[in-house]
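**Student:** With the hints as your guide, set chain B onto chain A.
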Amino acid sequence: MSRLIRMDQTGHTTLAEWSAEDQDSVAAAVQAFRAELDRGYFAVVSEGEGHAEQVRELPLHAPLVILRRPIAGG
Amino acid sequence: MLPELASVYWRPRASELTLRRSGRVWTLWTLAHTVPFIGAAVLLIALNPVTLPVALAALAQAWLIPELYVARGANVVRPRGPVARSGAEVAALGLLGDLIGHEPRALHARTGLVLERGKLGAWLVAETGALLVLPGSRRVHCYCVKATDPKLPSSDRIAHLLLALRADESGFATVANLAFSGAPWRLRRRLPKGVRPALDAATDAGRAMA
Numbered sequence: 001m002s003r004l005i006r007m008d009q010t011g012h013t014t015l016a017e018w019s020a021e022d023q024d025s026v027a028a029a030v031q032a033f034r035a036e037l038d039r040g041y042f043a044v045v046s047e048g049e050g051h052a053e054q055v056r057e058l059p060l061h062a063p064l065v066i067l068r069r070p071i072a073g074g
Numbered sequence: 001m002l003p004e005l006a007s008v009y010w011r012p013r014a015s016e017l018t019l020r021r022s023g024r025v026w027t028l029w030t031l032a033h034t035v036p037f038i039g040a041a042v043l044l045i046a047l048n049p050v051t052l053p054v055a056l057a058a059l060a061q062a063w064l065i066p067e068l069y070v071a072r073g074a075n076v077v078r079p080r081g082p083v084a085r086s087g088a089e090v091a092a093l094g095l096l097g098d099l100i101g102h103e104p105r106a107l108h109a110r111t112g113l114v115l116e117r118g119k120l121g122a123w124l125v126a127e128t129g130a131l132l133v134l135p136g137s138r139r140v141h142c143y144c145v146k147a148t149d150p151k152l153p154s155s156d157r158i159a160h161l162l163l164a165l166r167a168d169e170s171g172f173a174t175v176a177n178l179a180f181s182g183a184p185w186r187l188r189r190r191l192p193k194g195v196r197p198a199l200d201a202a203t204d205a206g207r208a209m210a
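In order, the protein sequences belong to chains A and B. Numbering follows my numbering, with no gaps: position 30 of the first sequence is 30. Numbering follows my numbering, with no gaps: position 125 of the second sequence is 125.
Isolated chain A (complex conformation):
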């Protein structure tokens, strides 16, 4: 089961869980994913130390997709 989570004030919130074979869960996850991108979140798939991929479309086979806020120089 893959998960879409958003880092927020609660630590993190699970927005959707899906399985690539379950089209209903995929559709719900894609909808949640796009809604968060529209709200200004960025989506990242971590691939271990030193590697992560910024994604614009929900990667259906990634086990965990994390939504983060933008960063800025302080």
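Check before you lean on any hint, since a few could be wrong.
Which residues of chain B face chain A? A partial, calculated answer using Cβ under 8 Å [claimed, not checked]:
1. Pro3
2. Leu5
3. Pro79
4. Ala88
5. Glu89
6. Lys146
7. His160
8. Ala176
Now the in silico label distances, taken between C-beta atoms and shown as ranges [said to hold, decoys possible]:
9. A/Ser19 to B/Gly101: 24 to 30 Å
10. A/Arg56 to B/Gly94: 24 to 30 Å
11. B/Leu31 to A/Thr10: 44 to 50 Å
12. A/Ala72 to B/Val35: 43 to 49 Å
13. B/Arg11 to A/Thr14: 32 to 38 Å
Hint data in this document are derived by calculation from the structure and do not stem from the laboratory. For glycine and all other residues, C-beta sits at the position ideal for the given N, C-alpha and C.
**Tutor:** Below, chain B alone, put in the same frame as chain A:
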């Protein structure tokens, strides 16, 4: 490529070359701030020993300016106060723990900083900043950079920076603001004692990358 790069479109993208160059510029800038004061002090004493107090004030200024820069660099990784053990922080810490390996997790528990080896050097990621120890460990860059949501738990702030760093290391170094660049031993003196083991681990990692 980090989307945040659009907000700093005028900056050249960070690379090994630009990092080396900015380090040299930083050193020259520091010298430009200190050498005139030292020169003035020597000149004053040579002209008239009565001016000794003024010469000493000039020397103090020459010492103070680089120390202020180092303190600014140390501030980027200074803990922002005790980490609240709230439910949100525990959840955020769990996610951060999932993102990093055993060794960085243990270091984070001890120091509050996460060690991440990149192509540009060894990074130490904190809540509101990051240190980059260049390969060879003769220079460290201190960056001021943070997640834009001020209400995030501490570990989520680190996870934000860590994920951005992993997605685009060069872009991360471009977006972040350079607060100090210099020798790791200078920075170490200004770091809180609890944070120093993290810098030691990063300099070890930097030496291994040389």
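**Student:** Next, verify each hint and record whether it holds.
**Tutor:** Verification of the hints:
no.	hint	in the structure
1	Pro3	holds (6 Å)
2	Leu5	violated (11 Å)
3	Pro79	violated (15 Å)
4	Ala88	holds (4 Å)
5	Glu89	holds (7 Å)
6	Lys146	holds (5 Å)
7	His160	holds (5 Å)
8	Ala176	holds (5 Å)
9	A/Ser19 to B/Gly101: 24 to 30 Å	holds (28 Å)
10	A/Arg56 to B/Gly94: 24 to 30 Å	holds (27 Å)
11	B/Leu31 to A/Thr10: 44 to 50 Å	holds (49 Å)
12	A/Ala72 to B/Val35: 43 to 49 Å	violated (34 Å)
13	B/Arg11 to A/Thr14: 32 to 38 Å	holds (36 Å)
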